[in-house]
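Asks: Put together the whole structure using the sequences plus the hints.
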Amino acid sequence: MNALAHSSAASSGRPPDLARGEVVFHVRNLSKTYGTGEAAVHALAGVDLDFRQGELVVLLGPSGSGKSTLLNLLGGLDTPSAGTLLYRGWDLGAADEAGLTQYRREDVGFVFQAYNLIPSLTARENVGLIGELASDPLPAEEALRLVGLGARLDHFPAQLSGGEQQRVAIARAIAKRPRVLLCDEPTGALDVRTGIVVLEAIESINRELGTLAAIITHNAVMAAMADRVFSLSDGRVVNVQTNAQRAPVSTLAW
Amino acid sequence: MSLLDRKLLRDLRALKSQALAVALVMACGLTMMVMTRSLIVSLESARMRYYEEYRFADVFARMKRAPDDVARRIAEIPGVAAVQPSVGRMVTIDLAGLPEPVMAWFGTVPERGEPLLNRLHLRRGRLLEPEARGEILVSEAFAEVHGLGPGDELAAILNGRKVPLRIAGIVLSPEFVFEAPPGAALPDNRTFAVVWMNYQELAEAFNMEGAFNQVSVALEPGASERSVIAELDRLLVPYGGLRSYGRAHHASDVRVDDEIRVLLGLSVGFPIVFLAVGAFMTHAVMSRQITLQREQIAMLKACGFGRREIGLHYLKFAIVIVTVGTVLGVIGGVLLGHRLVDLYHRFFRFPDLHFELATGVLFAAAAASALAAVIGVWGAVRRAMRLPPAEAMRPEPPAQFEPSFIERIGIGRWIGVSLRMALRNLQRKPVQALLTATALSLATAILIIPNAFRDGVSYVLDFQWDIVQRQSATVSLVEPGPSRALADFRTLPGVVSAEPFRATPVELVSGPIARRLNLIGLRGEGGLSRVLDGELRQIVLPPRGIVLSSKLGEVLGVRIGDEVLVRSLEGKRVERLVPVAAFSEDFAGVSAFMELTALNRLLLEGDLVSGAYIAVDRGRWGDFLAAVKETPRATSVVVKEAMRESFRKTTAESIGVLQMIYLLFATLVAFGIVYNSARISLSERARELATLRVLGFTRGEVGAVLVGELTILAVLAVPVGLWLGGWLARGLLTIVNTETVRLPLVLTLANYSFAASVITVATVVSLLVAARRIREIDLVSALKVRD
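Protein sequences, first through last, are from chains A and B.
The letter at position 97 of the first sequence is residue 97 when you use the numbering used here, and the numbering goes up by one with no holes.
Position in the second sequence counted from 1, then plus 254, gives you the numbering used here.
Keep in mind that the hints were calculated from the coordinates and are not lab data.
Errors might be hidden in some of the hints.
[What the hints assert, rightly or not] Partner residues aside, some chain B positions facing chain A, computed with beta carbon under 7 angstroms:
(1) S256
(2) K261
(3) E549
(4) Q550
(5) G558
[Stated by the list, open to error] Which chain B residues face chain A? A few, computed with CB under 10 angstroms, are given here:
(6) L262
(7) F559
(8) G560
If you're wondering where the values come from, they're calculated on a predicted model, not measured in any experiment.
Cβ atoms here follow ideal geometry from the backbone N, Cα and C, with glycine treated the same way.
Replies: Following this line, the structure appears as structure tokens:
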């Protein structure tokens, strides 16, 4: 991972990174409502949170608790219905389409439960796609090596196992050297062993690069690897737990 | 190449059969566009070169007889650059081995040197030697049909005397680019010839020495055709001049113009239909593609690809399809264009008619197909651009199903599970069902068009040759003569009955509009050549009034009871207002009829006839033809069966080739549409069908869902398509119908059945192909990921 840290430090043309512990996302009274009238669904109902530079956060909660909605708002995939959502002091909630696109292009790396790879492109090409967007991307080969897939560069998604596909997705997310890594149930479709490999990849990126990483899961075991754990239920944060010590991913078991 | 472009290429490879189907449909439309536009350019430039190089005249006139001196006076008319007088006569030719007599238009060339105007293009042999006698030049089309060449001999009846003639050369003339008998709408190269001989010989034969009976005039640049014509008419009146006319009324030139107009119509009409279908198919394919790639689009957006980049990416699908379609269309247009130019040689004789690619049309073709594709793809691409990333990231919500209408009305229990699923699918996605049904309707509709053309032609021929003309032959007199001349014809062997007719050149005038034609006088209730109305009922010619073909009525803008001015162009040149008594049905040219006695009364010429329609006993047909060839009074004999035969061999065959091309295209397109629809529904249902297979349904049962859906749609769409096809055919006929040739809209059961059968076969074949794919569905992967 040293190579990654080195490459990141060499990146230029961006505002200087925040110091570890400074607030990246400032979330106040954040709400998201889908639909109107009686059919309205309050996916998020007044969330107050801060996300800090360099920390690894786990968002816990059952289905429908609002985790994915929160992640989508943080990632600029969706806009809030009410409340404040600041990213490094910039009001994401008021950003327009072009602003959000630019934000996603430069700052955010996504990892999805369903991998969302382009089936017609190889692993190398799926990661390389990012190279066409970002100003200073990691070479696709390097990003894939970082997730342990250096030997499967030219395989199509259909030729890869679920864990490998998810690692390609992680490689794709980190190739742009994102400031924020948002992972939506990254191990949801994987067995334990493969899940551990994927989580190790995320954890090492967070550790080496100081990237803010947020992982959605409904698997409470994963709480141990986080700096902080936010528990959501019915669109609200019901508990915030701070771990004095992060457990190594290899020790997790479920 | 950017990675998105690489994705594009790979996606296209996966979609290749569908993309190719769309490209082929567009290519069919563009082929016709390139072909017809290029033919127009080829015809126009060949005509321009020909007219210029061979000094085709600007104004033409005929008269009874004018002394040579008149030609000098014509040359003095202001604006006249050159004058070419000559003698022209209709003559009967006896060709050894041909039972029917041949009608030939004999013209003359100057005794020495080339004509000033309307020069001949020598194809084979040599031109006539000065002062040579018994030598002729023969038109190429006629010579080709009979395999005649230089040195061959034939006999002509020149003013009642049979004269042996030898062919010196085979030629073309700018006056006869379209080589048809005067007044005929269709060429007949078997029994009509154009022949040239030295002036002196023909003039002597017809007692025209030192005189001429036709004249061609070239105008000086900028000269007024109208004033030259007026002056010419004034000058020629004492010599029995018929009114002179410009190129715009020259029979051969008009036919070239007509052809160009028809091509122009086809170059717009067919491509519009095909490109519209192409646009529609592009829409169907792209909508499907974008639905399938919902998650991919969302991921691209999540990664930071902007709306424009994504829009452009999907637009490129259309661009690739258009490019392939355009390239194929241009290649097809060029290849078919060459083929059709060869075909045009049968109708239009130019020294040098070769295929010329209309380069301007290439741009238009690319633009038209691009426009069609962009229209087709726009909605789908916009949907992709607007897809909110977060929403797209979630799998599509499960579809809302409910019992179908048929189940709700209580007959559901008699329907199998597969059909029930098919019905519910259709009802759940009515818009999609409507789109597929529309595609099937369009496929059916475009199949109707080419056969409607074929049936129209065949109807016109039957109408002309079986319903209107019931005579076996038409015999014309050298000059209109007293009706007792008819008695001569009645005594010919085999003649069952003979009916007189009078044909006289007139100008019909209504307000500012005038048309020149031969006004035909017939017996009130003719039994051989009849005048029919729109419902094919015979019109009994009234003792007063004129019957116009409905097209002529339309052109002149008159209604029944209105009066038209009949201006006789020969003889006493009377002018009379005559009321319109009725409109007749007619598909070629424009025509007008009067009762024979009424016409003669109007012309103030006594009881004259121009010839007779004759019915001949089939058993004595040979005797009749042999005798009529020897009849000095008969100047021309038109044998109906010969004409029909000749038509069948030339025109019908050519129309057949065109019709086959269109039909082939329409069939291709129909298959493309149906196949595409089947593929799209298969790909939409892949997961569902795979699930069914996993649950234990057999391939047959799974296939039945697909078959059920397409069958239901086809059953609904085909009747609509048949109806729509009728309208499309009507629209296209309106575009291509001209004053010279019109096709009626004839929709036959055979046409409908053919269209329905093609769609049925296409559906079955497409389903078989789809069924093969059902077998190939990888059950596990189809359930895991969407592709």
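Asks: Of the hints given before, which are not true for this structure?
Replies: Going through the list in order, the structure violates no hint and respects every one.
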